[in-house]
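The chain contents come next:
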Amino acid sequence: MNSKVKHLQSNEQNSFDEQLNELHSEDLGIGIPKDYFAKSKEDILAKVSGQKKETKVLSFYRKRVVWFAAAGIALLLTFNLFNRKESPNFDNFPAIVSDTLDQIKVLDLANGDFLSDEDDIMVASLFVDDAEIDEYLDKYVLEDMMGD
Amino acid sequence: MTNESDFIESLLNSRQRDKAFKKLIDLYQQQLYWHIRKLVITHENADDVLQNTFLRVYKNLSNFKQNSSLKTWMFRIAYNESMRFLEQDKKKSHYSLNDLGSSYMDNLVADEFFEGDEVQLKLHRILSKLPEKQRQVFQMKYYDNLKFREISGILGIKEGTLKTNYYKAVDQIEKKILNVELLTKTKV
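Protein chains in written order, with the numbering used here: chain B, 59 to 206; chain A, 3 to 190.
The following block holds chain B by itself, in its conformation from the complex (with noise of 0.2 Å):
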């Protein structure tokens, strides 16, 4: 675009500016304060100058928010993947298993030596012929319940 085409653009400008005035003025009966629109342009220029440097403000802050994050989540897998490597600590089960486990340790539950003779035989069973428990009942239960 050369000069002379910008300056017929820019008198037209001016020109339909001026008459847009005169309209509201003289129909209207509206004005504005002494050189309203220069004040307004540097205002407006200010105010987003002023957005300018907040955006910029924020981006920054949001780029270290973000490395922040990633940071806490790289360290949150790192501990992870060490705490699976390692063998199960009693210490740090909950309450409610540690109290478990600790009747256990206490019973010697975990040998299998609080089993009664009855739930012996029951187990037994499971590993004998229909035959030979039978035989055992006629020979021992029976002549218990006849004693009594």
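None of these hints come from the bench; they were simulated from the model. Each hint should be verified, as a subset may be incorrect.
Stated by the list, open to error - Under the rule of at most 27 Å between Cα atoms (straight-line distance), these lysine-lysine pairs were calculated in the BS3-like manner:
no., chain 1, residue 1, chain 2, residue 2
1, B, 111, A, 61
2, A, 73, B, 99
3, B, 111, B, 92
4, B, 97, A, 21
5, A, 61, B, 97
6, B, 110, A, 21
7, B, 99, A, 24
Keeping the supplied structure of chain B fixed, place chain A upon it in accordance with the hints.
Relative to the frame of chain B, chain A by itself:
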């Protein structure tokens, strides 16, 4: 249109943006101001809304899809900003929806930059009593010098409906001005 496309490109280009934005203000500041002023009535409010409009334009330049002209897009933003302002103002003040006419006149008279005489005051009184949409369409066509196509893009109303609104408004204004003149003559 090619010129406008070039201009939009320079607005989106970070190296040319500042210069292009100054040019954008030079081109549309006064047109937008008068458009806003007739909607929000006082100079003080119009000044606030104008600044917010340009700020919104600046923030949203990258979202401008070029479905309409830059001028129509900016007027639409200015119109929406004005409506948002009026909505907030209505909540703060004691005016109900039925009192829009009286709020128009109260704000006008309270504005320190209203310099109108009795005739201009009468014209405002007539305008304030028009249905809101009719008044807006009349003002945009008659005072903002916008085309029906442009008004349609700003308000999202079909051109046919806009023309009906405009001619109804013109008819009402003419009748009321005639009545006022007749009344004045009778009094004399």
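Status of the hints after comparison with the structure:
Our distance criterion of 27 Å between C-alpha atoms is met by residue 111(B) and residue 61(A), whose separation comes to about 13 Å. Between residue 73(A) and residue 99(B) the CA atoms are separated by roughly 18 Å; this keeps the pair inside 27 Å, and the hint holds. Between residue 111(B) and residue 92(B) the CA atoms are separated by roughly 30 Å; this puts the pair beyond 27 Å, and the hint is violated. Taking the CA atoms of residue 97(B) and residue 21(A), the gap is about 17 Å. The hint holds against a cut of 27 Å.
Between residue 61(A) and residue 97(B), the direct Cα distance comes to roughly 21 Å. Compliance with the 27 Å bound is thereby established for this hinted pair. Between residue 110(B) and residue 21(A) the CA atoms are separated by roughly 15 Å; this keeps the pair inside 27 Å, and the hint holds. Taking the CA atoms of residue 99(B) and residue 24(A), the gap is about 8 Å. The hint holds against a cut of 27 Å.
Hint compliance for this structure: hint 3 alone is broken.
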